[in-house]
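Participant: Sequence:
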Amino acid sequence: MYICLANTGSGTPFISALELRALKNSSYSTQSGSLLLFFRLDIGSITNETIRYGDDFDDRIWSPYNRYDWTRISTSLHIDSIYTFKSPINVAKTAVIPANGGNSLQFRWEPRDPSFQYYAYFYFAEIEHLQTNQTRELCIYLNGRKWYGPLVLSYLYETPILSNSPMPYEENFEFSINKTENSTLPPILNALEIHRVIEFQQLLTNQQDVDAIMNIKSKYGVKRNWQGDPCAPKDYLWQGLNCSYNDYDPPKITSLNLSSSGLAGEICPYISGLTSIESLDLSNNSLTGTVPEFLSQLSFLTFLNLTGNKLEGSIPTVLMERKKTGLLSLSVDRNPDLCREASCREKKKLTIPVAVVPVVAVVILFCVLLTTMAVLCNLKTRRKVGKTDSSLELKSRRFSYSDVMRITNNFERVIGEGGFGTVYHGCLDDTQVAVKMLSPSSVQGYKQFKAEVELLMRVHHKNLTSLVGYCDEHTNMGLIYEYMASGNLQDHLFEDDADLLSLEGRLRIATEAAQGLDYLHRGCKPPIVHRDVKSTNILLNENFQAKLADFGLSRVFPVEGRTHVSTIIAGTPGYLDPEYYISNRLTEKSDVYSFGVVLLEIITSKPAIEKSAEKTHISEWVSFKLAKADIRNIVDRRLQGDFDINSVWKAVEIAMACVSPTSAKRPTMN
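Here the sequence shown is numbered in our numbering, starting from 577 and rising by one per residue.
Hints should not be assumed to be uniformly reliable.
[As the list claims (entries may be wrong)] When the alpha-carbon atoms are kept at most 27 Å apart in a straight line, the in silico BS3-like pairs for lysine-lysine are as follows:
id, residue 1, residue 2
1, K1191, K1201
2, K1241, K828
3, K810, K1226
4, K662, K722
5, K1201, K1226
6, K886, K793
7, K1201, K600
8, K1201, K1241
9, K1026, K1038
10, K793, K722
11, K1182, K1101
12, K1191, K1204
13, K886, K900
14, K1226, K1241
15, K1204, K1182
16, K886, K795
17, K600, K662
18, K886, K899
19, K899, K799
20, K828, K722
21, K1038, K600
22, K810, K886
23, K1204, K1038
24, K1182, K828
25, K600, K795
26, K793, K828
27, K600, K1182
28, K810, K799
29, K1226, K600
30, K1241, K1101
31, K1241, K1204
32, K722, K1204
33, K810, K795
34, K1182, K795
35, K828, K810
36, K1204, K1187
37, K1101, K1204
38, K795, K828
39, K1187, K1201
For the record, the hints were derived by calculation from the structure and aren't laboratory data.
Construct the entire structure; sequences and hints are all you get.
Facilitator: Shown next as structure tokens:
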């Protein structure tokens, strides 16, 4: 939440305290914007006193309201409600009916602006004990059209009637609560609220830019009045920043001026997070080190001022080329140790004293002999090993088949099945492990077994499953992993007897899985694409920490910097990137698509492909619901509304962006 107190011409703003009340998710909701109280009325108040906190634990303020053409009625008995959304007890105990035997309760107001939209909240409670021949049934009309009804009330129970959508503009809003033909008693009303929709036209700054600029502020200890949101409100953006603004996308930082700001140390990599930056001024500081390569990756950068620092080394070739072609205005004056050419290495050719040449020759000859001996030794070893792949020869992690039998107690307990084979529970030095043995009939086979071992031997991250060891003994091949006590994510989403995960817990699991994927995409050099991201391949430990598993289909980008590799199709139906399926061009965005499907599963607890004749894809089902603004019915019904609706909107937006049919429109895992 961002609170902005701005000077509007009346002096420096200040604040003494800010109080927030946590309301139930079923309380007040709007399809867009926020709600501003128009009026909140305690209808039929006997005391004519305001009711507020103490009587109303949601801290609402209820104003007494009566009219000459209404008759007040009340009860001293307790009013109950089966709804979590309700008025205070003292408000529900009083009501009005039409005076002089009337059949209708009416009220009206005129909106000041045609753009205003309103939500109405009515509270009804039957506080008169009716005789057997008496009935009270009512309908609510808006400007002569039925708005709700008929409604029959229960004695001493309150029933709230809420707007599901905003009421569109009319010149006058006139509500009429009428008795029906079946009713022997006039209508009743206990309380009323009207809220006006407030639309916030300006979005908050792009979160990646916020993270980047906050890290820059922390890294350099920037002494400026940088508070709140960097780009919003537009009239109060941070000093030294310019931002882009349009009607659809969050603002992004396009210009950063930190000239003469006392910056010291190297040019920090957080600047690379400002992907839309066009102008960067770091002049007249005490920056040291080299001009980093990541500056050349800022594709929109057209102005770069590094004048008056203590930078050294050479300027990245790409920056120099962009300067020569006029795409970049580059200033690097007054950096004594900085070479202005594309590369300093060509100018500073290495010269070797004549006396050193014989010594160098002897050293080189000695190295050649050592290398030859090592090669011969390696060839001899490989002949002994036979068919065993030398890349798997990591003795400390290799186990014999007899070791595996001992670890699993002769394969006593099965904990899973898959295309690779059977997974068994095991114990290794008092540590629980999972042992996945390759089935002789496995369609994945030795190639993927080898690929998974080689990958897990070199990647390490808290959100990737750890490989404890492996067995590669003739036809007996297996992988030994850390044991994940809570199984896989899909079981918890779809199994009725599994622990029900809260939405907060589900999104934490999604975030952890995303961090594991982001590490494969950005933290590994060269990058790795998983190719089989799905809910069964997200495992959970005893603390429900998520870890990605099953790397048999993973592909390494052999040449760093390549945008894609061409490969045969591999993956699981429902999670498979449609663009990859059509073109055979594998990219990191293929994992992003699969992750988007998993995120939709997490929110809905529906499978990727519906198990029906139509076989509807989950993204199509969610799109249909979104078109009707039916966000609440997208969420797993087992959560019974216990979630933050704004969080759901954000998660669904991210998921739908991930499953875009066009990879260019998908976000990166970062």
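Participant: Next step is simple, just say for each hint if it's right about the structure.
Facilitator: These are the hints, each one checked on the structure:
no.: 1; hint: K1191 <-> K1201; in the structure: 17 Å, holds
no.: 2; hint: K1241 <-> K828; in the structure: 17 Å, holds
no.: 3; hint: K810 <-> K1226; in the structure: 23 Å, holds
no.: 4; hint: K662 <-> K722; in the structure: 23 Å, holds
no.: 5; hint: K1201 <-> K1226; in the structure: 15 Å, holds
no.: 6; hint: K886 <-> K793; in the structure: 20 Å, holds
no.: 7; hint: K1201 <-> K600; in the structure: 23 Å, holds
no.: 8; hint: K1201 <-> K1241; in the structure: 21 Å, holds
no.: 9; hint: K1026 <-> K1038; in the structure: 22 Å, holds
no.: 10; hint: K793 <-> K722; in the structure: 57 Å, violated
no.: 11; hint: K1182 <-> K1101; in the structure: 36 Å, violated
no.: 12; hint: K1191 <-> K1204; in the structure: 21 Å, holds
no.: 13; hint: K886 <-> K900; in the structure: 24 Å, holds
no.: 14; hint: K1226 <-> K1241; in the structure: 17 Å, holds
no.: 15; hint: K1204 <-> K1182; in the structure: 19 Å, holds
no.: 16; hint: K886 <-> K795; in the structure: 18 Å, holds
no.: 17; hint: K600 <-> K662; in the structure: 11 Å, holds
no.: 18; hint: K886 <-> K899; in the structure: 21 Å, holds
no.: 19; hint: K899 <-> K799; in the structure: 32 Å, violated
no.: 20; hint: K828 <-> K722; in the structure: 47 Å, violated
no.: 21; hint: K1038 <-> K600; in the structure: 35 Å, violated
no.: 22; hint: K810 <-> K886; in the structure: 35 Å, violated
no.: 23; hint: K1204 <-> K1038; in the structure: 40 Å, violated
no.: 24; hint: K1182 <-> K828; in the structure: 35 Å, violated
no.: 25; hint: K600 <-> K795; in the structure: 39 Å, violated
no.: 26; hint: K793 <-> K828; in the structure: 17 Å, holds
no.: 27; hint: K600 <-> K1182; in the structure: 26 Å, holds
no.: 28; hint: K810 <-> K799; in the structure: 21 Å, holds
no.: 29; hint: K1226 <-> K600; in the structure: 19 Å, holds
no.: 30; hint: K1241 <-> K1101; in the structure: 25 Å, holds
no.: 31; hint: K1241 <-> K1204; in the structure: 23 Å, holds
no.: 32; hint: K722 <-> K1204; in the structure: 22 Å, holds
no.: 33; hint: K810 <-> K795; in the structure: 25 Å, holds
no.: 34; hint: K1182 <-> K795; in the structure: 44 Å, violated
no.: 35; hint: K828 <-> K810; in the structure: 12 Å, holds
no.: 36; hint: K1204 <-> K1187; in the structure: 23 Å, holds
no.: 37; hint: K1101 <-> K1204; in the structure: 44 Å, violated
no.: 38; hint: K795 <-> K828; in the structure: 20 Å, holds
no.: 39; hint: K1187 <-> K1201; in the structure: 18 Å, holds
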